[in-house]
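Asks: Protein sequence lines correspond, in order, to chains A and B. Counting along the first sequence from 1, when you hit position 259 you're at 259 in our numbering, and nothing is skipped either side. Counting along the second sequence from 1, when you hit position 158 you're at 158 in our numbering, and nothing is skipped either side.
Please note: incorrect hints may appear among the correct ones.
Since the list gives no way to pick out one identical chain from another, each pair is judged satisfied if it fits inside one copy or across any two copies.
To be verified - Okay, derived cross-link-like pairs now, BS3-like style, lysine-lysine, Cα gap no bigger than 25 angstroms in a straight line: (1) Lys158 <-> Lys232; (2) Lys232 <-> Lys184; (3) Lys89 <-> Lys232; (4) Lys275 <-> Lys243; (5) Lys275 <-> Lys208; (6) Lys178 <-> Lys88; (7) Lys88 <-> Lys275; (8) Lys89 <-> Lys184; (9) Lys158 <-> Lys89; (10) Lys184 <-> Lys158; (11) Lys275 <-> Lys184.
Derived by calculation from the structure, the hints in this document are not laboratory data.
Chain by chain, the residues run as shown.
2 protein chains.
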Amino acid sequence: MARLAVVLMILFAAVPQALLAAGAQPDHPRLPTCSATAAAAPDAAAPTQELGNGGGGGSRIVDITHAMRPELPVMGSAAGVGPLLRLKKSMANGSRSNLSELRMSAHTGTHVDAPGHMWQRHFDAGFDVDTLDLELLNGPALLVDVPRDTNITAEVMKSLNIPRGVRRVLFRTLNTDKRLMWQKESDLSFVGFTEGGAQWLVDHTDIKLVGVDYLSVSSYDYLISGHVVFSKSREIVIVESLKLDDVEAGMYMLHCLPLRLVGAEGSPVRCILIK
Amino acid sequence: MARLAVVLMILFAAVPQALLAAGAQPDHPRLPTCSATAAAAPDAAAPTQELGNGGGGGSRIVDITHAMRPELPVMGSAAGVGPLLRLKKSMANGSRSNLSELRMSAHTGTHVDAPGHMWQRHFDAGFDVDTLDLELLNGPALLVDVPRDTNITAEVMKSLNIPRGVRRVLFRTLNTDKRLMWQKESDLSFVGFTEGGAQWLVDHTDIKLVGVDYLSVSSYDYLISGHVVFSKSREIVIVESLKLDDVEAGMYMLHCLPLRLVGAEGSPVRCILIK
């Protein structure tokens, strides 16, 4: 029986388009469309000029990370994050090499939250960004469009019909349409999870990586309570401020690699999707 | 003829063990052993409890990144890199969240060099770390042991018999055996490429990503000249201070994701190998 379930899951993985389409609500025209071409694993059968399995040229990689610019928004500020780099050694001034120093909040630009960000108990216990599970941060992920006229509530989560077994979901929202990440002044009307939406995800899905397209996983009204719901069990990784413009919804291989900042409750992260 | 070459390369990729073993010198007992189990692509046929191709549990991922600790060595210093984090907002002090600030050189711990690090012309032209090719930073890579009694000279490079078509190589050296990255005081007797070894790699291989296990890709006597050879064409990515302990030599899928530090000549990077 368990074996049958596994077989069904593999079949399911092979035809996500048909199944998700069957589950889609007609009033949400931008629900996930998982095309067969967006298979997660590189095509080992494709001709390649490169040695080693799974390699290959072409533009298979989609960068979903915002560039680190002084104009990146920061919650509740009109000034942006400000200067992030300082050239400490300069060849133009006689040094043998150029050497920059970086200085920034651990939550600058595209970043991950660790459990200790809003749970003091987890912070005290050392659940820092270096304890996040690399197996979760690297694997198949679903990029999904959510309805544009609402926060991500329990009702919205239910309507998305995300199948059990999906562990990583990137939620594209109105924030992307409004290009909020390109505005230096933060916009507190951004959308995100409500507390109820977060709780529904925890209770009714297998999602353990939650990605969003603005500064916070939860909307401003639920800024703390939404985070708290996600981080309580320490099982869920939150990825914020993803750049989800101009990518087709569907299944990809996701790679998110934060820095190993021992003791930090978050880290800037580079995230890519591989078709 | 070109098609035949491609077919041969694919065949070659399928049996790296036999071919590399044939090319190995008996006096270099730790030359690469590319086992069939170290295939780069995830096994889509394996049973999985997870939706999406190529996923799966187990400990497929090997972290080859050093944790960011104040005791990490810095070239020419006995003091280490020093404090890297400061808790700017603390829940223990009444803030609604914990928030760390990071401050470090762009070449702290495991990191990549961009062409502008030691070429002012490339720096002026804007070839910063954000211009590094993600296709190069993500793909099949060979982890190889080099002889322990020498720098990586032209002769050593020749003896390694790394086949054409291999684009990413991580060189494990005596530095790993000596655990130099765990010593706060830098050790300038570290081994690395000589200028001649770097030039041989450029002239006689297809390697475009060069990874090493200490602070510099080139040994101290060739600190600048080695970098200059590698970075001249802007085609080669240098990854330094990798943690290559306790990993079998062989082929892996490599993922190295630096931060998008616009204007910087380097960046801390998280690198992983997937079996």
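Asks: Each hint: holds or not?
Replies: The hints, checked one at a time:
1. Lys158 <-> Lys232: within (21 angstroms within a copy, 55 angstroms between copies)
2. Lys232 <-> Lys184: Neither: 31 angstroms inside a copy, 36 angstroms across copies.
3. Lys89 <-> Lys232: Cα proximity of Lys89 and Lys232: across copies only (20 angstroms, versus 44 angstroms in one copy).
4. Lys275 <-> Lys243: Close inside one copy (16 angstroms), not across copies (29 angstroms); limit 25 angstroms.
5. Lys275 <-> Lys208: The answer is both: 21 angstroms in one copy and 23 angstroms across copies each meet 25 angstroms.
6. Lys178 <-> Lys88: neither (37 angstroms within a copy, 30 angstroms between copies)
7. Lys88 <-> Lys275: neither (39 angstroms within a copy, 39 angstroms between copies)
8. Lys89 <-> Lys184: between (29 angstroms within a copy, 22 angstroms between copies)
9. Lys158 <-> Lys89: Answer is neither; intra-copy 54 angstroms and inter-copy 36 angstroms both fail.
10. Lys184 <-> Lys158: neither (34 angstroms within a copy, 53 angstroms between copies)
11. Lys275 <-> Lys184: The answer is neither: 31 angstroms in one copy and 42 angstroms across copies each exceed 25 angstroms.
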